[in-house]
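Peer 1: Starting from the known structure of chain A, arrange chain B on it as the hints suggest.
Number of protein chains: 2
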Amino acid sequence: MKVSAPKTVNIHETALAATGVARHIHPIAPTAWAAPVLWLTGLSGAGKSTLAIGASRLLERRGFRTIVIDGDALRAGLSKDLGFSAEDRAESVRRASEVAALCSRAGITTFVALVSPFEIDRANARAAVGGLFHEVYVDTDYATCRARDPKGLYKLAEQGKIRNFTGLDSPYEAPAHPDLVVSTMSEDPAASILKLATYAMHASLHSPLESLPAASA
Amino acid sequence: MKVSAPKTVNIHETALAATGVARHIHPIAPTAWAAPVLWLTGLSGAGKSTLAIGASRLLERRGFRTIVIDGDALRAGLSKDLGFSAEDRAESVRRASEVAALCSRAGITTFVALVSPFEIDRANARAAVGGLFHEVYVDTDYATCRARDPKGLYKLAEQGKIRNFTGLDSPYEAPAHPDLVVSTMSEDPAASILKLATYAMHASLHSPLESLPAASA
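So the sequence lines, in the order shown, correspond to chains A and B. Each step along the first sequence adds one to the number in full-length UniProt numbering, with nothing skipped, and position 197 is 197. Each step along the second sequence adds one to the number in full-length UniProt numbering, with nothing skipped, and position 168 is 168.
Chain A with its partners taken away, still in its complex shape (with noise of 0.2 Å):
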């Protein structure tokens, strides 16, 4: 495991844990059931936050509960006291799927767009999450990336004026066994965006903390 160790002797926890307090560890599902996680793990411009945001309006205006936790929006708040190193990319990835397991507990379907380019960083937060966690893998190659360069980061990487750069100085390490796989390169947008909403709904109905309804005569 990479998370950090404590770093005060926690008496607290200790005292929770003692007294059973745990009520809030799966706290306050106020609809009742727990929603699935998306987690969308490719490289920089892959289309992820794309693919996120679209899938996540499709759902909303079915009446779904949605959120889009992505790397931009973590590293301007919540992550910002981290850089690139894999030390805190571990704890940035780890501080996201303990935020998608509290949207999760809250019955809201979570997308979370972020490179998390390490596998034991995105099995750590599949354990966080547990079993509503589920891997999408966007399958978009260094080259088709750097053409897009949507931020002009491949620009500035390959001048080497930014380090740690996943794909180039970093490694990228793809998904072995995702879920789901969307393609930007071989697919429409529009497509991808659609499967991906499809399986999140597929992945709502099957919530591990809900059983499914008595049928009635």
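Just so you know, these hints were derived from the structure itself, not from any lab.
Which chain B residues face chain A? A few, computed with CB under 8 Å, are given here:
no. : residue
1   : Arg65
2   : Ile69
3   : Ala73
4   : Gly77
5   : Leu78
6   : Arg95
7   : Glu98
8   : Val99
9   : Ala101
10  : Leu102
11  : Cys103
12  : Ala106
Quick reminder that beta carbons are idealized off the backbone N, C-alpha and C, glycines included.
Peer 2: Relative to chain A, chain B alone:
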């Protein structure tokens, strides 16, 4: 500001700023409005989580999308690397405020139930969330919380088994100008919950990011 300094120079962020990629800072409000954040502060055992959960349920039944983020859930996940020193409390409050900001921008009425004893940390949280931040003071005094002691923490603290315990060997700075005060000493809990839910509904109609619809003849 008690916000941590970046651990590494974030060249990506600089590059992002240069290319104007601010689109995700206020991302993705699929409901096209941002929901209020109700930030409940008060001593341990004051009733913060109980009131937040109660108000959340009332709102959910009326079609609002809500989430409750409380101290126990944070300590079990997102902030499990943090202790109870002033510095760690500041970071825990910062993370909670960033999660609240993300949820708020996704149209989710967000209840944060966190001791958050220091005025400066709550001021930083207000700054992170913006105009949708509402400080709710759950005004329950030490003697009452100590008598309730639902988690057995007061007993442990007075035995010296917990340090930095708010109200005992760590101060609680009551809000000077809270947006709402609820007292679980003088009010019936149901009345406090109704008061909080009413306030939250009212706040939701005053989202600074939304203009009022034009009246039609």
